[in-house]
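> Residue numbers (this note's numbering), protein chains in the order written: chain A, 1 to 320; chain B, 1001 to 1259.
Any given hint could turn out to be false.
To be verified - Covered stretches of chain A, going by a simulated chain B footprint (3 or more residues, C-beta under 8 Å):
#, region
1, 46-59
2, 169-183
What the hints assert, rightly or not - Some, not all, of what chain B presents toward chain A, calculated at C-beta under 8 Å:
#, residue
3, Ser1029
4, Ala1140
5, Val1141
6, Thr1142
7, Asp1161
8, Thr1164
9, Leu1171
10, Thr1178
11, Arg1180
12, Ala1223
13, Ala1227
14, Thr1228
15, Val1239
None of these hints come from the bench; they were simulated from the model.
Just so we're clear, the structure is a prediction, and the values are computed from it rather than from any experiment.
C-beta: ideal position from N, C-alpha, C; glycine also.
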Amino acid sequence: MAEILVLVDHTEGVVRKPTLELLTLARRLGEPSAVFLGHDADSATEALGRYGAHKVYVVDAPEVDELLVTPAVDALTQIAGSTGPAAILLPSNPDGKETAARVALRLESGLITDAVDITAGEDGPVTEQSAFAATYQVTAHVTRGIPVITVKPNAAAPEPAPVTPEVEKWDVTFGPASAAAKVLSHSPRERGDRPELTEADIVVSGGRGVNGAENFAVIERVADTLGAAVGASRAAVDAGWYPHSHQVGQTGTQVSPQLYLAAGISGAIQHRAGMQTSKTIVAVNKDQDAPIFELADYGVVGDLFQVLPQLVEEIERRRS
Amino acid sequence: MKIVVCVKHVPDATADRTFTEEGSTDRESVDSLLSELDEYAVEQALRIAESGVDAEISYLTVGPDDAKDALRKALAMGGDSATHVSDEDIEGSDAFGTSLVLARAIERHGFDLVLCGMASTDGTMGVVPALLAERLGVPAVTHIEELTVEDGTVTGRREGDSATVRVQGSLPAVVSVTDRSGDARYPSFKGIMAAKKKPMETLDLADLGIDAGQVGRAGAWSAVDTATRRPPRSKGEIVTDDGTGGTGLAAFLTAKKFA
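Pulled out of the complex, with its shape left as it was, chain B reads as follows:
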């Protein structure tokens, strides 16, 4: 079974992230790493391979040169190979441009199962898995907490806003998993060393038969007008409980008409 895991190299979510003047995520000002939510997709791919399924695991990312770091991290966790799509014309792509590049690279590689995280920790849209399924013409088994692959199908539990749904798709399929799907492993020292020897190919738009105008800021179907830092919340009144902390809080809530 050919498994392609899509991963993203994102600015550290615990750092002070900013926007560029063009309204894109600023990737220069803070350190970047493999998006935490993608680690769960890597973990599920490795568990499928460990469950006795004959699986070949490949990682795929789109991004500038240092996005390779995300692939190395994933390879250190396990898996076989990686593909890095890099082209300066991709910069500024919206979810449609990104999903076009990913879909072409997935088709080129061949796939039985595409695994994704539920969303990136920077853009947080969570729509790329659905767009990949749409472009590839296969079932989207998305937002899954418990995943089973057997008999040519993938089955999982999806926790929606108001209901729990069990869903199933026949392979080939696109699957996204949540942070509840199972803790991701840490790379071992051996894994980190082995990752350095695993094959990694780099592709550009021409390799994928995509015109520059279809992607990037020029090919985007929406535009950011302004990105402004929210004024910091003014520091409120902090009291230390001297035995009347609850009474004081009640007075505050009453004054604000909450109680």
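The following block holds chain A by itself, in its conformation from the complex:
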């Protein structure tokens, strides 16, 4: 069966959910082999095997921590050059996309970024992407070489398919450090108690209407009641009310949860590009003409400081 390489995204050996989604999608195309860069492969192998990785290629070298992106490029290019996979899948984040592009160029192979779905076609993988702020659906395929595809989070629900992976250590020849960017420091972001924005089934976001950093407590309260991640519009982030790592939009994080609740967000194109593919959209806004209502499956025209506390109260009442 054709081998599909999957680049593992992990934090100190803890495999992130988008990688499990990649392994799930890879099984539609062939037999997944995970490519793991770092020192903590032992703790990751079990999780990778549970989601169907038949092999785990481990690249453990100082360069992995010292240089940005290029060690993964060197590793994937050399492994692919040797094993001849049918496709290479990577997560659609800045590191993943830059790695993918450089690998594809070295392999003289086509690249597709930000796929939201992949299926097996007659001439290799067929991808689906969202374009122009998610107003278009595009299907595409690679016409040359080994298809290199980056996939957005939530493109597929991770499905276990347990195997015991064969672990193979790889000695990669790294390119000159002078042509690479050096990593001076690396600080993993504190993970709070809430789900991560890209991985959450429910996202509750606040915008300009929240009107102050202290008022985001109202948004957080709804999020915690629903077990949701907290998002923010660019306006709220630019105003300094909530951290940029929570920004939903074209230049922030693009999310596609089961439920997106937008409070005090007008729905500018910049924001819509980051949430328009959510399955169910709910909006609370004072302005009945706010464009967000055009997308909403359910909308309340009203004051979020009235509506949201009442929402929390009612959910808690129903639960008790």
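Dock chain B against chain A, hints included.
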């Protein structure tokens, strides 16, 4: 220091953008402008020059004739000169074709620092800066929010999905900056007038020693099969809060099994 800023002329992101029959971005149906995300790269170049570094700033774009408008806008913000690469054989290029043309033009001009935006607002791939670094054989200091150029190096803060990373590359290097790197200035009237007198050269593929087959739709390594407009979301139920808006929303979320 020679700074080359790569800019793109894109269809207005707030307009109703469409695809051509060939699956390319339709550049005819809506007005185009300098990609908003490239304005941040222009701004960083100007700030470097203003910080006392002896810098010569040149803008570079690839695109049809009206792509010159993006160069004029950048020149109106500041900087010295511009290069427009235009050739009908470039039409339909993928990121590899585009990056080949840009890299050859950058080499021809000479560079210490290449500055780019984090992505275009139309294609949104965000891979051209990395591809330029790969082709030019220099460090890629990409996706940067805070940029410092000193002592022959460029240093910046990169906010990744799960971590904050401080990265550094020795010059020459390729840098891309995000929309968090610093607000871009508006061109002044004086700047707009001055831009009209700044030199702008136009090059074609032959000037760059590139064969038509290496670029364009023929040279692309991937192909769009279909591009279809997503059906508009059916308009949902919109209620005006009469004092029970929260209760009604709770009922909706419960019925959908979210609560």
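> Next step is simple, just say for each hint if it's right about the structure.
Do the hints match the structure? See the list:
| no. | hint | result |
| --- | --- | --- |
| 1 | 46-59 | violated (count 0) |
| 2 | 169-183 | holds (count 6) |
| 3 | Ser1029 | violated (12 Å) |
| 4 | Ala1140 | holds (6 Å) |
| 5 | Val1141 | holds (5 Å) |
| 6 | Thr1142 | holds (6 Å) |
| 7 | Asp1161 | holds (4 Å) |
| 8 | Thr1164 | holds (5 Å) |
| 9 | Leu1171 | violated (11 Å) |
| 10 | Thr1178 | holds (7 Å) |
| 11 | Arg1180 | holds (6 Å) |
| 12 | Ala1223 | holds (5 Å) |
| 13 | Ala1227 | holds (5 Å) |
| 14 | Thr1228 | holds (5 Å) |
| 15 | Val1239 | holds (6 Å) |
Comparing the model with each numbered hint stated earlier shows that hints 1, 3 and 9 do not hold.
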